[in-house]
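Peer 1: If you read the sequences in order, they're chains A and B.
Those letters in the first sequence? Residues -17 to 345, by my numbering.
Those letters in the second sequence? Residues -17 to 345, by my numbering.
None of these hints come from the bench; they were simulated from the model.
Treat each hint with caution, since some may be false.
Since the list gives no way to pick one copy over another, a pair counts as held whenever it fits inside one copy or between any two copies.
As the list claims (entries may be wrong) - Pairs of lysine-lysine residues, derived as BS3-like cross-links and limited to a Cα-Cα distance of at most 30 Å, are as follows:
no. : residue 1 : residue 2
1   : K143      : K213
2   : K195      : K103
3   : K61       : K143
4   : K281      : K331
5   : K281      : K144
6   : K143      : K281
7   : K281      : K103
8   : K169      : K213
9   : K246      : K337
10  : K337      : K195
11  : K55       : K169
12  : K161      : K213
13  : K281      : K337
14  : K161      : K331
15  : K281      : K55
16  : K146      : K103
17  : K146      : K55
18  : K161      : K337
19  : K169      : K143
20  : K195      : K55
21  : K169      : K337
22  : K103      : K337
Now for the letters of each chain:
Protein chains: 2
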Amino acid sequence: MAAQTDVMVMVLAGGQGSRFWPLSRAALPKQFLSLGDSGESLIQATVRRVVPLVGQANIRIVANAQLEALIHKHVPGAKVICEPMAKNTAACIGLAAASALAEHPGSDPVLIVLPADHAIKDDQRLRSALDEAAQRARESDMLVTIGIPPTHPHTGYGYIKKGKPLNGRSYSVERFFEKPSLERAQKYLEQGGYCWNSGMFAWRASVILESFKSFLPPMAQGLAEIQAILKQGADGTPGNARIAEIFSNFEAISIDFGVLEHAKNCVVVDAEEFGWSDVGSWDQWAESFQRDAEGNLVKGDAVVIDSRGCVIRSANRLVAAVGLNDVIVIDAGDAVLVVSHEHVQDVRKVVEELKRRGRADLI
Amino acid sequence: MAAQTDVMVMVLAGGQGSRFWPLSRAALPKQFLSLGDSGESLIQATVRRVVPLVGQANIRIVANAQLEALIHKHVPGAKVICEPMAKNTAACIGLAAASALAEHPGSDPVLIVLPADHAIKDDQRLRSALDEAAQRARESDMLVTIGIPPTHPHTGYGYIKKGKPLNGRSYSVERFFEKPSLERAQKYLEQGGYCWNSGMFAWRASVILESFKSFLPPMAQGLAEIQAILKQGADGTPGNARIAEIFSNFEAISIDFGVLEHAKNCVVVDAEEFGWSDVGSWDQWAESFQRDAEGNLVKGDAVVIDSRGCVIRSANRLVAAVGLNDVIVIDAGDAVLVVSHEHVQDVRKVVEELKRRGRADLI
């Protein structure tokens, strides 16, 4: 177990999850949904899993200010780092690092970065992987990514090619790969030596900020100024006009595109399988449940007749499916989604169309 | 125009229409739904169309007693002949004939029999066809069916092969055919000389009851007794225990199977096309509307993306369809149906399953 004082967990909770419409909404993004059977929201589960690792006091939730009330409702007593606005993961992670250094002057904490909206089955194995990642980050100037051993040729995940072995289950990163075609994903699986990129990271605050200097210099400069303002005891980020001004000029880029794919000091922890899913879309959500003999998954009140490979989630009404193949039906109170399995990534197009129509009631 | 005094219209309104679930329910069968854009229910339209032909006073609505209140709500001032229970069309039509003769002793009215739940576009042409049918029925001891010129090889309708020409547009019936295969329906269309069986009939009360004597003798005997009871001034059918007892013993058989397919005195009026549909299922409902460029039909609040040949009817919520082909989505308040076009006849299986589960709230 890592010492608890020098490790902080930064939970990234600013996402929208528009592929989870109609359940996810602007005012209730995916990380606040209870997608399993437990009634626990994804963000609640994320926090619960790491409390034994670093203690409640060392957990921060990073999100844009509009979500602050919702975060406190889901995680009572949460310490929130407010982004003035959503600016993708690089700016979010940079703010978290600047904030940690301002809060602990003279120290250089290890930051474990976790998306708030992933599903994980084996908490113990997760903590073991995070612990190892934190150790690597503490003892070296490395950017550590948690890699997941692929179980099937998934086309929705990024892949990491492992390089030479380091301590424990850690390897240097030879290369990051974007979401592959099915053919390419199959090749990765056959060849071996690849991990899924979980989007969970560990690094020391100073190390990630140093990387920003190399690959996102304007953002690094802005973050240095934000850190100085925070160190002077500024009362949090959202109310500070200068921080908002700096932040608004940041490039909206992911940490992967903006930093990791260019950095030479990347390490991957080849974690033991711990039942991880990024729950990126409704079909991935369904993957975590057992199907019936016809390959259907039913949650809620439904009648299913002559149908195969369907996913049905009903809220307050009965859903009847007749003669369907590989169709997903998601019922929310005020909207119902019917989408073919192959088009499940296009659910975000519904949200775009609703935006275009000015349907604030439904997005 | 037929003389108004000797013609009565019998509207058969006892059906369930379970293929129109989730809109149709036991307490609100299909004939009480407003399926067009006008807001008028099917039964209201059925009555409205024949008022100019026979006058309101000569219209009777035949249905089981549970529907009486609903009938009066839809057709204020309606004269209702109550079946003690639903027993298919032969018993229903027999009761209507016995009732008409009891009401008009010494006369023998022509009865026009109309299903309450069909859609018709050209009222004028309908009345012209019914008028001709009534004339045939008045002047001969014939069982007259309204035939519809087929416009395409429909597999959901019965067919009638026309025999030798009689007066006007009337022909002797060579044979009735059940719902055909697509191949057979195509053959009928190519050969010509066939009509769709509309389920609309005309005959004199005495003539149909005479036919019952030949083909359904126990029912004929029971109907004679019911007629005698009604003639003695019995206060309607539902309250009379003896009528209920007789009726309960009737065979539940359709007029087509029970009488018409055996009778030698059948006539078909080869009517001018008047935009008729029996609206037997959701796909037939959709046939009466114009599709958009992608072959989709949308009624209500919906977003349709990358979909072809779909039918969407939403009630109080938004329906989003993504990547679907030939799927029908019907949203009611408490249930939503998603059915592939090929399985549209199986919607009744949903109702059967709900019955099995004791879901009185949804059937």
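Peer 1: Hints first: check each against the structure and report whether it holds.
Peer 2: Verification of the supplied hints:
In this assembly of identical chains, the alpha carbons of K143 and K213 never lie at most 30 Å apart, being 39 Å within a copy and 93 Å across copies at closest. Taking identical chains as interchangeable, the C-alpha atoms of K195 and K103 are never at most 30 Å apart, the minima being 37 Å within one chain and 74 Å between chains. In this assembly of identical chains, K61 and K143 lie within 30 Å of each other by CA distance neither inside one copy nor across copies; the values are 36 Å within and 81 Å between. In this assembly of identical chains, K281 and K331 lie within 30 Å of each other by CA distance both inside one copy and across copies; the values are 24 Å within and 20 Å between.
For a Cα distance limit of 30 Å, the shortest separation of K281 from K144 qualifies neither inside one copy, at 39 Å, nor across copies, at 54 Å. Proximity of K143 to K281 under the C-alpha cut-off of 30 Å is found in neither arrangement, the shortest distances being 37 Å within a copy and 51 Å between copies. Taking the closest pair of Cα atoms, K281 and K103 come within 30 Å of each other only inside a single copy of the chain (19 Å); across copies the shortest separation is 43 Å, beyond that limit. In this assembly of identical chains, the alpha carbons of K169 and K213 never lie at most 30 Å apart, being 49 Å within a copy and 87 Å across copies at closest.
In this homomeric assembly, K246 and K337 never come within 30 Å of each other (Cα to Cα): the closest approach is 41 Å inside a single copy and 66 Å across copies. Proximity of K337 to K195 under the C-alpha cut-off of 30 Å is found in neither arrangement, the shortest distances being 36 Å within a copy and 68 Å between copies. Within a single copy, K55 and K169 get their C-alpha atoms no closer than 45 Å, and across copies no closer than 68 Å, so neither meets the 30 Å cut-off. When the C-alpha separation of K161 and K213 is checked against a cutoff of 30 Å, the pair qualifies neither within a copy, at 39 Å, nor between copies, at 83 Å.
Taking CA atoms no more than 30 Å apart as the test, K281 paired with K337 passes in both settings, with 29 Å inside one copy and 21 Å between copies. Taking the shortest alpha-carbon separations for K161 and K331, only the intra-copy value of 19 Å comes in at or below 30 Å, while the best inter-copy value is 42 Å. When the C-alpha separation of K281 and K55 is checked against a cutoff of 30 Å, the pair qualifies only within one copy, where the shortest distance is 26 Å, while the shortest distance between copies is 39 Å. Within a single copy, K146 and K103 get their C-alpha atoms as close as 29 Å, which meets the 30 Å cut-off; across copies the closest is 77 Å, which misses it.
Within a single copy, K146 and K55 get their C-alpha atoms no closer than 45 Å, and across copies no closer than 81 Å, so neither meets the 30 Å cut-off. For a Cα distance limit of 30 Å, the shortest separation of K161 from K337 inside one copy, 27 Å, qualifies, whereas the shortest one across copies, 47 Å, does not. Taking CA atoms no more than 30 Å apart as the test, K169 paired with K143 passes inside one copy only; the shortest distance there is 12 Å, against 64 Å between copies. Taking CA atoms no more than 30 Å apart as the test, K195 paired with K55 passes in neither setting, with 36 Å inside one copy and 77 Å between copies.
Taking identical chains as interchangeable, the C-alpha atoms of K169 and K337 are never at most 30 Å apart, the minima being 39 Å within one chain and 51 Å between chains. Taking the shortest Cα distances, K103 and K337 never come within 30 Å of each other, neither inside one copy (35 Å) nor across copies (39 Å).
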